[in-house]
Every structure is written in C-alpha cells, then in structure tokens.
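Participant: So you can see what is in the structure, the chains are spelled out below.
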Amino acid sequence: AQSVSQHNHHVILSEAASLELGCNYSYGGTVNLFWYVQYPGQHLQLLLKYFSGDPLVKGIKGFEAEFIKSKFSFNLRKPSVQWSDTAEYFCAVNAPNFGNEKLTFGTGTRLTIIP
Amino acid sequence: DAGVTQSPTHLIKTRGQHVTLRCSPISGHKSVSWYQQVLGQGPQFIFQYYEKEERGRGNFPDRFSARQFPNYSSELNVNALLLGDSALYLCASSYPGRNTEAFFGQGTRLTVV
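Protein chains in written order, with this note's numbering: chain A, 1 to 115; chain E, 1001 to 1113.
Okay, chain A solo, but in the shape it has when bound (with noise of 0.2 Å):
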C-alpha cells in the first residue's frame, strides 16, 4: 500500500523567503508525483507533477519540485514566496496503472505568508 508523508503541518514564512515543503512517500514500484494546492475556497489545483524524465519539475506560479528516488522525497520549493501562496498544499502519489489511478495524500501543510 502506498503512503505518503507530509513533516510540515503548518508553516509561516514573510514574503521574499524561501520556502521548501517535505513530502516522502512509501511504496516499492514506480510512482507518479503530484502537488496540488487548495487556496481558501477553492477546488484543489495542480501545481506539478512527475512522471518520468528529469527529476526537476517546473510547475505554475514560480513553484518547482525535486523527485530523489533513493530518499522517496518529491519536497516542493519555491525561492521567493508571496502573500497570495498561502493556502494548502498536498502531495500526493499514485502507481501508473491505466484504468486505476487512485491518489495517495499527504496530510497537507498549510502555509500562511505575512506581508
């Protein structure tokens, strides 16, 4: 069964910083990555995703995220973070089997930026 881990519950951070979100998963065969986000009252969002190739993902709105198969980490990083990123965000994984693509979340870390 997969699993997926999130370190961070919430985080807050003043805009300009860096920001670097964990996200570790659990499951022996190869994955698909995701990072959604859910800014308040909206549907969830994707961000990025990984499923092959270069294990640095550019994703939307300056967010990029690194998939190091040996650590099981897909951790998203942003390098100047904004009042508008605060919201919550998700990672999340699933097994690249067509017809079933069942997502695995994290937890979620919520991040709150302070002008």
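The hints are simulated quantities; they were obtained by calculation from the structure and are not laboratory data.
Built from N, CA and C at the ideal position, the CB exists for glycine as well.
Misleading hints may appear alongside valid ones.
DMTMM-like cross-link-like pairs, simulated, lysine to aspartate or glutamate; straight-line CA separation at most 25 Å [unchecked claim]:
id : chain 1 : residue 1 : chain 2 : residue 2
1  : A       : Lys102    : E       : Glu1054
2  : A       : Lys102    : A       : Asp54
3  : A       : Lys102    : E       : Glu1101
4  : A       : Lys58     : E       : Asp1062
If you want the ones that stay clear, here's a sample from chain A, every Cβ over 12 Å from chain E, calculated [to be verified]:
id : residue
5  : Val11
6  : Gly22
7  : Lys58
8  : Gln82
9  : Glu88
10 : Thr112
Dock chain E against chain A, hints included.
Facilitator: Leaving out everything else, chain E in the frame of chain A:
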C-alpha cells in the same frame, strides 16, 4: 471550458438519512473518482469509475456506493449517515492513461447533525 462540476455545494442532513452527491466530469474525461476530505486532513480515496465500471475502492464501509452513467457523470450515495461522515466530498475526473492528472471539482460540503 467547464471544469468538474459538483452539486450541491452544501448540504445538511440528519443522522440516519441518506444522501446523493453528483458530479459531472470535464468533457472527454471517462474516469471519475471520489474522495472524502475531513477537516485538517488530506483527501481519502473512496471510489474510482472508468467506463461505468468500478476500478478501485478505498477503505470505506458498504454504506458508501457510487455509479457512473453513460454520459460519464457520477453519483456518490451514502446511507445511514453518521456524524463522522461530515466532510468535503471531492470529485475528480481524468482522461485515463498510465500517466494522467486528475482535475478536481469544488466539492460538496456535507454536514451531518
């Protein structure tokens, strides 16, 4: 383009009642999944349907059931509601494949009193 739409957006039910939640996927998407998101936690997988067949089921009791219609829309039914069923219910659709991303709706906020 219309995204994933869910109805209703909010719902209040009494313990013991049943509820039906509805989801319309993005046009062209044939796979629909349902998730439960309890406050302070990540979404938990309930069901996935592809081409009207159940392709996956999470660790939820038999009180939870779902189906997918020929137009790929879907319903989630929950019987004998418990207080613990209070949550945000999310629907996601995707174009099936080995490497595909899920698009989520706004969710239905269910409160059981």
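Participant: Against each hint, give a clear statement of whether it holds in the structure.
Facilitator: Each hint, compared with the structure:
Of the pairs offered as hints, the one joining lysine 102 of chain A and glutamate 1054 of chain E holds, with about 12 Å between alpha carbons and a cut-off of 25 Å not exceeded. The hinted pair formed by lysine 102 of chain A and aspartate 54 of chain A meets the criterion: a straight-line CA distance of about 24 Å does not exceed 25 Å. At roughly 11 Å between alpha-carbon atoms, lysine 102 of chain A and glutamate 1101 of chain E fall within 25 Å of each other, so this suggested pair holds. The straight-line distance between the Cα atoms of lysine 58 of chain A and aspartate 1062 of chain E is roughly 41 Å, outside the 25 Å bound, and the hint therefore fails.
Valine 11 of chain A, annotated as away from the interface, keeps every beta carbon of chain E farther than 12 Å; the closest lies near 15 Å. Consistency note on glycine 22 of chain A: stated as away from chain E, and its beta-carbon is indeed over 12 Å from all of that chain's, at 14 Å minimum. Its beta-carbon lying about 15 Å from the closest one in chain E, lysine 58 of chain A satisfies the requirement of being farther than 12 Å from that chain. Every CB of chain E lies more than 12 Å from the CB of glutamine 82 of chain A, the least distance being 23 Å, so the non-interface label holds.
Consistency note on glutamate 88 of chain A: stated as away from chain E, yet its beta-carbon is not over 12 Å from all of that chain's, at 9 Å minimum. The claim that threonine 112 of chain A lies off the interface holds: its Cβ sits roughly 15 Å from the closest Cβ of chain E, which is beyond the 12 Å cut-off.
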